[in-house]
Every structure is written in C-alpha cells, then in structure tokens.
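**Student:** Below are the chains, spelled out letter by letter.
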Amino acid sequence: MKFIAREDIPRWLERLAQAAAVWTPRRAPDGGETVLFLPWEQGSEPELDRFTDLSAKHLLLPASEKLFPFQYRLGGEGEQIEIGAAPATPESVVLFGARACDARATVVLDALFMQSPEKGYLAPYYRRRRQALAVITLACTRADAACFCSSWEEGTASREGSDVMLFPHEDGYLAEAVTGRGEELIGGEPFSERDAGPPDTAVTDQVPLAGLQEKFTAVFSRLDFWEEVTARCISCGYCTYACPTCHCFNIFDEMRDDRCGERCRSWDACMFYLYTLETSGHNPRPTIAHRYRNRIGHKFSYYPENQGTFLCTGCGRCIRGCPVSLDIRDVLRKVGDAR
Amino acid sequence: MTTTARAGRAAAEPLRPEPATIVEVIEETPNIKSLRVVFDDGELMKSFSFAPGQVGQLGILGVGEATFAISSAPSEKDFLQFSVMKTGVVTTAIHELAAGDKVTLRAPLGNSFPVEEWRGKNVLVVGGGIGMAPLRSLFMHLMDHREDYGDLQLIYGARTPADVCFSSDCSLWSEKRDVDFITTIDAEHPEWGGRVGLVPSVLEEENPSPENNVAVTCGPPVMLKFVFESLEKLGFREDQVYTTLERRMKCGIGLCGRCNVGPRYVCVDGPVFSLAELRRLPDEL
Numbered sequence: 077m078k079f080i081a082r083e084d085i086p087r088w089l090e091r092l093a094q095a096a097a098v099w100t101p102r103r104a105p106d107g108g109e110t111v112l113f114l115p116w117e118q119g120s121e122p123e124l125d126r127f128t129d130l131s132a133k134h135l136l137l138p139a140s141e142k143l144f145p146f147q148y149r150l151g152g153e154g155e156q157i158e159i160g161a162a163p164a165t166p167e168s169v170v171l172f173g174a175r176a177c178d179a180r181a182t183v184v185l186d187a188l189f190m191q192s193p194e195k196g197y198l199a200p201y202y203r204r205r206r207q208a209l210a211v212i213t214l215a216c217t218r219a220d221a222a223c224f225c226s227s228w229e230e231g232t233a234s235r236e237g238s239d240v241m242l243f244p245h246e247d248g249y250l251a252e253a254v255t256g257r258g259e260e261l262i263g264g265e266p267f268s269e270r271d272a273g274p275p276d277t278a279v280t281d282q283v284p285l286a287g288l289q290e291k292f293t294a295v296f297s298r299l300d301f302w303e304e305v306t307a308r309c310i311s312c313g314y315c316t317y318a319c320p321t322c323h324c325f326n327i328f329d330e331m332r333d334d335r336c337g338e339r340c341r342s343w344d345a346c347m348f349y350l351y352t353l354e355t356s357g358h359n360p361r362p363t364i365a366h367r368y369r370n371r372i373g374h375k376f377s378y379y380p381e382n383q384g385t386f387l388c389t390g391c392g393r394c395i396r397g398c399p400v401s402l403d404i405r406d407v408l409r410k411v412g413d414a415r
Numbered sequence: 207m208t209t210t211a212r213a214g215r216a217a218a219e220p221l222r223p224e225p226a227t228i229v230e231v232i233e234e235t236p237n238i239k240s241l242r243v244v245f246d247d248g249e250l251m252k253s254f255s256f257a258p259g260q261v262g263q264l265g266i267l268g269v270g271e272a273t274f275a276i277s278s279a280p281s282e283k284d285f286l287q288f289s290v291m292k293t294g295v296v297t298t299a300i301h302e303l304a305a306g307d308k309v310t311l312r313a314p315l316g317n318s319f320p321v322e323e324w325r326g327k328n329v330l331v332v333g334g335g336i337g338m339a340p341l342r343s344l345f346m347h348l349m350d351h352r353e354d355y356g357d358l359q360l361i362y363g364a365r366t367p368a369d370v371c372f373s374s375d376c377s378l379w380s381e382k383r384d385v386d387f388i389t390t391i392d393a394e395h396p397e398w399g400g401r402v403g404l405v406p407s408v409l410e411e412e413n414p415s416p417e418n419n420v421a422v423t424c425g426p427p428v429m430l431k432f433v434f435e436s437l438e439k440l441g442f443r444e445d446q447v448y449t450t451l452e453r454r455m456k457c458g459i460g461l462c463g464r465c466n467v468g469p470r471y472v473c474v475d476g477p478v479f480s481l482a483e484l485r486r487l488p489d490e491l
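Note that the protein sequences, when read in sequence, are chains A and B. The first sequence begins at 77 in the working numbering and counts up one residue at a time. The second sequence begins at 207 in the working numbering and counts up one residue at a time.
Bound-form chain B, shown alone (with noise of 0.2 Å):
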C-alpha cells in the first residue's frame, strides 16, 4: 500500500474526491474509450503511486462515481489512465469528456497482483475485452521489472478486429523478443491475418506448462469459466490462478455493503483473487 497526500486527505474524508482534469481520449474501439487523467493538486500527482490491480473510482460531479481498474503502467507517472466501456450512466456520460473536461477521482483502492511473490516466476496473462484493462497495467509492470521474471506470455482475445484495445500498445508488444505475445479474435475475419480462436482453445493450443508458471486472467465471465477449466486441464493448481472481480460499488472503502463475495468485499479484500481464494467463498458471483 502506498503512503501519499490522498492516503492522508482520504483518511480524514474518504468518500470526497480529488478535483481531476482529462488531458487524452483515446477511442480504443467503438464503445471503449480510455481517459488519460491528472490530479489539479500537482503536490498530489507528484507523490501518486499504486500498484498494479489497483482500481479507482472516477466520477463526474452531478452524474456519480463508478469503480474502473487503472490501465496504466505504475510506471506511467504523468497520468492516470482508465478505459471505459460504455453500458450505463456514468459510462455513457464518461463517454461524452474530451481532454479539459473536470473529473473526479479516488484512487488507489482495492488490493493488487501479488509481483513481488511472483519474482523468479514465468507469468501467463489471459486477457478478453475489456477485461484486458487491469492486466495492459500488469504486462506493463512486468515488462518494467523484465529481469525479474521469467517467461512472460500475452494472450488476449478480442470479438472482433475492431474491438482490440490498446492497439498502439498491441504493435508494440508484438515487436519485442523477449515476451510472447498472441492476438486472437473470435472468428475468421476480412480485414485479420493473425490468430483467430476462442481464447481458451487458444490457450489449451499454446499448451503453456503450469511448472514454475502463474496465470492471471480477466474478462467476461463466461470466458472466465473456460479459462479456469483450460488452465486446470494444463495442470495449473488453484493457487498458480489469479483473477480480478468487478461488482456493483459505492464508497470503496468496504462500508456500502453490496459488493460481497460471502465474507469478503471486493473493494478493500479485492479486486484480485486467486482462484484458490474464490473457490473457499460461498458461490456467488
């Protein structure tokens, strides 16, 4: 956990937000857009870290909050980066920012993927949709500690060409040597020459050995099942599996109450699971 001028305003007042002004859209496909975004206390933007798998909740004053996983890199120290989906009110109303427009912001909550456990480790990253957010911040912080894991491996799934996220991000990855990184889409397509698959068959193809290895994986849930049910099939054990969870929120800080798995909340004991932990909680996802 990090120590910074928001630990210590949040502490005092942790349900007001940071005042915070978008300096970039990128449209990632036709309905996710990432908002690159500033504190406006510089003093604060200044001292901000978090660690991968840490979340926000971004908000627009009169319109409300929503929780999103920070996509950018910890690394990435002039920004903060979120990429949003557009399905609901505050999605759509996000939708709607251009750079200049006022958020507003709390962050870092949540917990984070255990990388420093995962030292000396070969690390599998399977991602689907916008599940791939969460983990763009992860592959991005390995990459940055490269020396201190062993292979790492990208796999993530997209529908269709036009809903691959992070494309830019995408031409990069796939130009270093020194990870493996896999783009597929659902089915054949006119305008793909790569991988086409469903990303558990795509998976099971690679046939990743679960020796030494931990898999993290994020997407939509039905994906979710047949990724766990290919990574165990591999011969991965429930505690070499990492995952991130979403679920309605409010305050973050583990008071509203709705966003529990049986005893734990996903705000403050989550958003990252690994499956050992999942499968000890009541079934109520």
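The following block holds chain A by itself, in its conformation from the complex (with noise of 0.2 Å):
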C-alpha cells in the first residue's frame, strides 16, 4: 500500500494546493478549541486528531452565496431590469482530512442534487461545486461517546464519497485511492510503498435503522409522543446548521442602494417557527413538536422514500452540540420502540 509520513503531510498539502483550493481541519482563528474545515495556508497546520465542530457540507451549499446581481435602469424604453450572471464557483476544491461521516453526506446529498433534469429538481449551483470537489478522508481509529456511524455498513472505515482514504499507521498513513482522481492525488511525491495488513477502524455506537420508516408512519399521528422527546428543545436550530446532510434554504433579496442588489440563499432550519409560516398566520407545524417530527420524518421516512437513503450518517454534531443535550439516537429507538 501507498504511505505517507505524518511529517510529510505538509509537503502533500502544498502540492495539493498547486492545482486546487486545499480545505483541512484547522482550530478556528479566535484562539478556543473550535475546529473546523477551514481554507489550508501555507505553514498552517492541519488538526487531524480532533473531529470537527461544524461539517463541510458548506463547499457544495455555502452557508450563503450570491445568485446574481440585478439593477433597475432607466432607458429609452422605459425603465428595465438587468440580471447579471451567477458569481464563478471554483474550479478545483479538496477537502482533506474529512471523516467517513464527512464523506458519506456528499452521496447522500448526492441522491437528491445531482438526480437527473428529467425529474424536475434542477440542481445546477450544487452540480457545479461537487464536480469539483475531491475528498480525501481519514479514517476514524477511535469514536466519542456521540458517534454512531456504525448504524451503517463500514461505519468509521466506509468509502462511500471519498477519492482517497488515509488509515493512520505507525508515523504515518496508509493511503488508498478509492476513485480515479483519488489515483491522481497520490500520484508520485511523497508517497512511499509499504507492506501492512488491513487497518483496524473504530467502531461506534450503532441505532438499529431497519424498519424505521414504517414505525416513524406509524407514530406519526401521535403528537403526545413527539411533545415527550421534544420537551426540552428550544427549536434554536444548532442541529440543522451543524449536520452535514441538512441542506434547506432559504432566498431572499439585499439591496445595495435603491436600484440595485443580489438574490442570494443562505442556510435555513426546518425548526424555526418561521420557516413554514404563511401570510395568513396559518402554520402547518406549529410548535417545535410538528417541526422536530418533521426533521425525524423527512431524515428517517422521506428521505429514504425518495432518494434511497437515510438523510443522516451518524456524524454525531447534533448530538455534541445540542444546548439541552437532546440525543437524536434517543428519539429513534423511541420511534422503534413506540407501541
């Protein structure tokens, strides 16, 4: 197998960084704890021993981002609106130093943007970054208390969304290219051959999912049920912003003088109160219990009725994060065992 020294990482990401936007794990620029996926600098240090805080999903859906500029102008015909292009997405992105958990949240947001047009949903701004985008990841050698990505078939070791995947070994990482882009990155420089058996790879926390989608059905009606498990929930959204799979938005206009602006999108959270609010005052989902039984819904029923797949990998942000400690694994083997 291919491997690299862990003193030699450096070099890798500098190469690396030649032909692309580098992304790593770094600890945030106010000095705390926070680590985060941040943009690789030269002499920066990746943290590759710490998980990180938020995910990466915002290098295929920016937390917010310009659509396009428009302007009034008045002309000889009368006053007319001109819409200017959509701002240049990047040509070449690596994200490295993802977890399994990091890298399968690309297939399954997959699932839903880069469907075919012919099915209506049109994806355009998500197609154009993810074919961009190379994932290198780390195999996970231990879990913390929150993961739970073992639910899943590979858990720590999966390969689903990765060009390239790193096993720590002795002083360094073992190497496999899962793609052939993947091949292209460990090409050459500072990769050394080295004999070792498979790699050991943690393994987490494991909710059975089997069935889940028909028993979420059948507890659906019972907003007793869901006003139990969310009792505690301030409905702040931390869930949504940290989970790597969560991708609603929300379009809107800002104004830099009276005749022009951009539209833009940015994140939004299926738990605020606003968020389904129509001009009427009617809310379909009122109270934090219709809003969090939809997040349960549309992760463990819809999703996969639609798409195939859970929208969730058991990355476990939601569950470190959270201000009142409310376990999304609790909920579900609750929803398994509801009578």
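Please note: incorrect hints may appear among the correct ones.
As the list claims (entries may be wrong) - DEER-style ranges, computed between Cβ atoms: (1) A:R82 to B:G294: 53 to 63 Å; (2) A:A161 to B:P236: 34 to 44 Å; (3) B:E219 to A:R396: 35 to 45 Å; (4) B:P426 to A:P284: 18 to 28 Å; (5) B:T293 to A:P362: 11 to 21 Å; (6) A:H358 to B:V229: 24 to 34 Å; (7) B:V402 to A:E153: 47 to 57 Å; (8) A:T110 to B:D284: 53 to 63 Å; (9) A:P115 to B:D284: 51 to 61 Å.
Since the hints were derived computationally from the structure, they do not count as laboratory data. Built from N, CA and C at the ideal position, the CB exists for glycine as well.
Reassemble the complex: the two chains are provided individually, in unrelated frames, and hints are given to aid placement.
**Tutor:** Given below as structure tokens:
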C-alpha cells in the first residue's frame, strides 16, 4: 500500500494546493478549542486528531451565497431590469481530512441534488461544486460517545464519497485510492510503498435503523409522543446547521442602494417557526413537536422513500452541540420501540 | 410538461428569473388584483405554454418572489395572468404596481389538473374566494375544449358581492348555455339578487350525481373541509375529488425543503392532488 509519513503531510498539502483550493480541519482563528474545515494556508497545521465541530457541507452548499446581481436602469424604452451572471465557483477543491461521515454526506446529498434534470429537481449550482470536489478521508481509529456511523455498513471505514482513504499507521498514514481522481492525488512524491495488513478502524454506537421508515409512519399522528421527546428542545436550529446533510435554504434579496442589489441564498432551518409560516397566519408546523417530527420524518422516512438513503450519516454533531442535550439516537430508539 | 426556451434556461439556472412587464392591472375586489404579465423576451413569450393548475413565481427584484397560480387560460397566449390577494410583504408590493412596471417570473412550475384523464367525464368545479384563481384557468380550458367533456358545472362562492372576483368573466359564463354556472354569496345583501348560501350548502342543494363525474375544488381551508364532506355525502369517491394546495415556498424546484406534506413536495409533486392522494399523506396541512 501507499504510505505517507506524518511529517510529509505539509509537503503533500503544498502540492495539492498548486492545483486546487484545499480545505483542512484547523483550529478556528479565535484561539479557542473549536476545530473547523478552513482553507489551508502555507505553514498552517491541519488538526488531524480532532473531529471538526461543524461539517464540510459549505463546500457544496455555502452558508450564504449570491445567486445573481440585479439592477434597475432607466433607458430609452423606460425602466429596464438587468439580471447579471452568477458568481463563478472554484474549479477544483480538495477536502482534506474529512471523516467517513463527512464523505458519505456528499453521497447522501447527491441522491437529491445530482438527480437527472428530467425528474424536475434542478440543481446546477450544487452540481458545479460537486464536480469540482475531491475528498481525502481520514478513517477514524477512535470514536467518541456521540458517534454512531457504525449504524451503517462499513462505519468509520466507509469509502463512500471518498477519493482517497487514509488509515493511521505507525508514524504516518496508509493511503488507498478509491477513485481515478484519488489515484492522481496520491501519485508520486511524497508517497512510498509499505507492506501492511488491513487497517483497524473504530466501531461506534449503533442505532437500529431497520424498519424505522414504517415505525415513523405509525407514530406520526401521536403528537403527545413528539411533545414528550422534544420537551426540552428550544428550537434553536443548531442541529440543522451542524448537520452535514441538512440542506434546506432560504432565498432573499439584499439591496446595495435603491437601484441595485443581489438575490442571495442562505441556510435555513426547519426548526424555526418562520420557516413554514404562511402569510395568512396559518402554520402547518406550529409547535416544536411538529417541527422536530418533520426533521426526523425527513431524515428517516421521507428522504429514504424519495431518494433511497437516510438523510443522516451518524456524525453525532447534532448531539455534541445541542444546548439541551437532546440526543437524536434516543428519539430514534423511542420511535423504534413505540407501540 | 412543456418544452420552452424557459425550460432550457431553467435547467441551466433554475433560480434565475426572467424579466417581465405588467401590461394590465385589473382591480377584482378591494384586496385582489389580477396582473397581466408578458415576458420581456419575445421569443420566450411566443414559445411559452403551460397546463391549467400550474403555478409561477412572480417577483419584484429587491422585494422577493411568491408563488401564485396562473389564472389565465392556456389559450390566452398574449399574457400570463396572476390574481393576487394583498396579505404580506410581496403581495403588498405587487399591489402597488401599474402597467409598464417590471416584475420577474419563473414559470411554469408544478403539476397540473389531469384534464386529459377527465375527457368524456362531467366536471364539477367548486371555488371559494381567491381559490377561484387556478379554477378560472381550468374552467376556461374546459370550455375551450367543450366537446371533450360532459356536463360542466361551476359553483363559485364569495363572502359579499364586492368580493366576487373575475366579474366580467362571470357575466360571460352566466350567459353560456352549455355550462351551469352558479355564483353565491355567504349572506343576504341589498345589492345581490343572486343565490345566497355557503358553498357546501349550495353544493348539496345542487345535488350533482357522482356518476362519471370529477369534482375540483379550491378555496379557504375551512371551506375545503366542508366541501370534501359534502362531496362524500353526495357519493363522490376520494379518487373523484381534486384540489390544489398552497404552502410557503421559496425555490419552487423541490430543494429548499419547506413545502413538504410528508414525503411529497407541493412545488413539484403538486400543487394538484386528488383527495385520495391527500388522505394517504401524513395529516399536516
């Protein structure tokens, strides 16, 4: 197998950065403990032993982005509107040091965003970014108490969505190309060959997922069940922002002056009251229980029905960051056990 | 589904709207205006087609977009009409527009009434208030293809005489001998010589036969609830009853997430649903 010494990682990153925008786990610039996927810079130290607090989904679905600029212009034929071109997106991006749950999230999102246009779901914005993205995944050799990716086959060593897999080994990493693009990424320097057996990876907590779709349907109309499981939820939306697969968005206009502005898109959250509030005052999901039920339903019933995969990869970020310690695994087990 | 220049451009950039111009504003009621709109791109306007029940995202750059049913008939080729009730931020801004003003449009979006499946059947259309907007498009389409359908009946209810939308269409329709058109208002009014009564009661008085009939209804949620009950009392099965739904929407292309009813998205799987389909979905309207 290919092998790269730990001390050679900066050289490799330097090489990768010649052809692509490279993102690695890094300590947030505020000097605190937070680790995020941030742009690699010359001399910066990737945090390869820490799990990032937020996911890398912004590489495919930016937290906010300009869709197009527009302006009103007075001309010979009266007022005209001009709609400008969409800003360009990077041509080549490498996500370095993703975990299996991050890499799998791209495949889960592809199920919706990369569908054939004939089905009516058009997502050229996502498609451009997806085609530019290569993922170098670091298999986890330990899991924390919130991890539950082993609920899915392969768990921490899943190759889904990865171009290259790195397995910690002695004083460095074994590297395995998963795709053709991955072959290119680990070709040449600073890699050497090393004989090694199949690498060990961690096993996490496992949530029984079989039959969840049907069990959710059965428990849907029991609002008292949802009120009980969400009793302490404050509807802050952290879980949706931290999630690598949550993808709901808002569209809005920002004016720069009274004649020109931009149409923008940003992440939204299904946990917010305003998300579904209609102008008549009617809200189909008026309480936290309704909204959390929809969140669980979307991830474990509706998305599997429509796209054939759960909208979750077991990364555990929604558990680690929840300000009221609401644990999605507890809710899923309760759905599974509901009579 | 139609193939137009818009479809090609929408595939490349579906959230990018087309510039359009208002050619006429019709004051329907104190809080409803119909806007007739044309795409600024003449080729696009020429090739544009849609089916009754489809919707569009009408917008003002700097304010935003909202989803409205297309209330013109597919045969009205010179413009697209949207009938807009003034309720929120976007609709209030739309109400301030006049002929010549610029808007944006993303259309057509969503599915449509299965008018092809209904050939040879009687069609009963039951509308209330602004819910008449998509039904105007449908009813005019059915009349344009009159020979393809059996009896056509339209029951349209408004709260007061001043709330009756599409009044010039109503006088035309009431003169037609090959359709049965009934307008009703909720309570007696000095300026009203016509039918009085809530839509579900008028529907039951009319006592239409479910035999070889489909019923299509749109209106305020409380009216829909009672119309569904009345239709079932009259013997209509769930698969003979259709409605068209509204939800808060942003993208209109099945991605932004908010308009779902269970696993179905109103923007792409709807807005038209049969009552049978609705009853299979989770109860979250």
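**Student:** So, for every hint listed, does it hold in this structure?
**Tutor:** Evaluated hints:
1. A:R82 to B:G294: 53 to 63 Å: holds, 57 Å
2. A:A161 to B:P236: 34 to 44 Å: With Cβ atoms ~42 Å apart, the hint holds.
3. B:E219 to A:R396: 35 to 45 Å: Holds, at about 37 Å.
4. B:P426 to A:P284: 18 to 28 Å: Given range 18 to 28 Å: violated, Cβ gap about 44 Å.
5. B:T293 to A:P362: 11 to 21 Å: holds, 18 Å
6. A:H358 to B:V229: 24 to 34 Å: Because 32 Å falls inside the window, the suggested range holds.
7. B:V402 to A:E153: 47 to 57 Å: With a Cβ separation near 50 Å, V402 (chain B) and E153 (chain A) satisfy 47 to 57 Å, so the hint holds.
8. A:T110 to B:D284: 53 to 63 Å: Given a distance of about 59 Å, which is inside 53 to 63 Å, the answer is holds.
9. A:P115 to B:D284: 51 to 61 Å: Taking Cβ atoms as reference, P115 (chain A) and D284 (chain B) lie about 53 Å apart, which means the hint holds.
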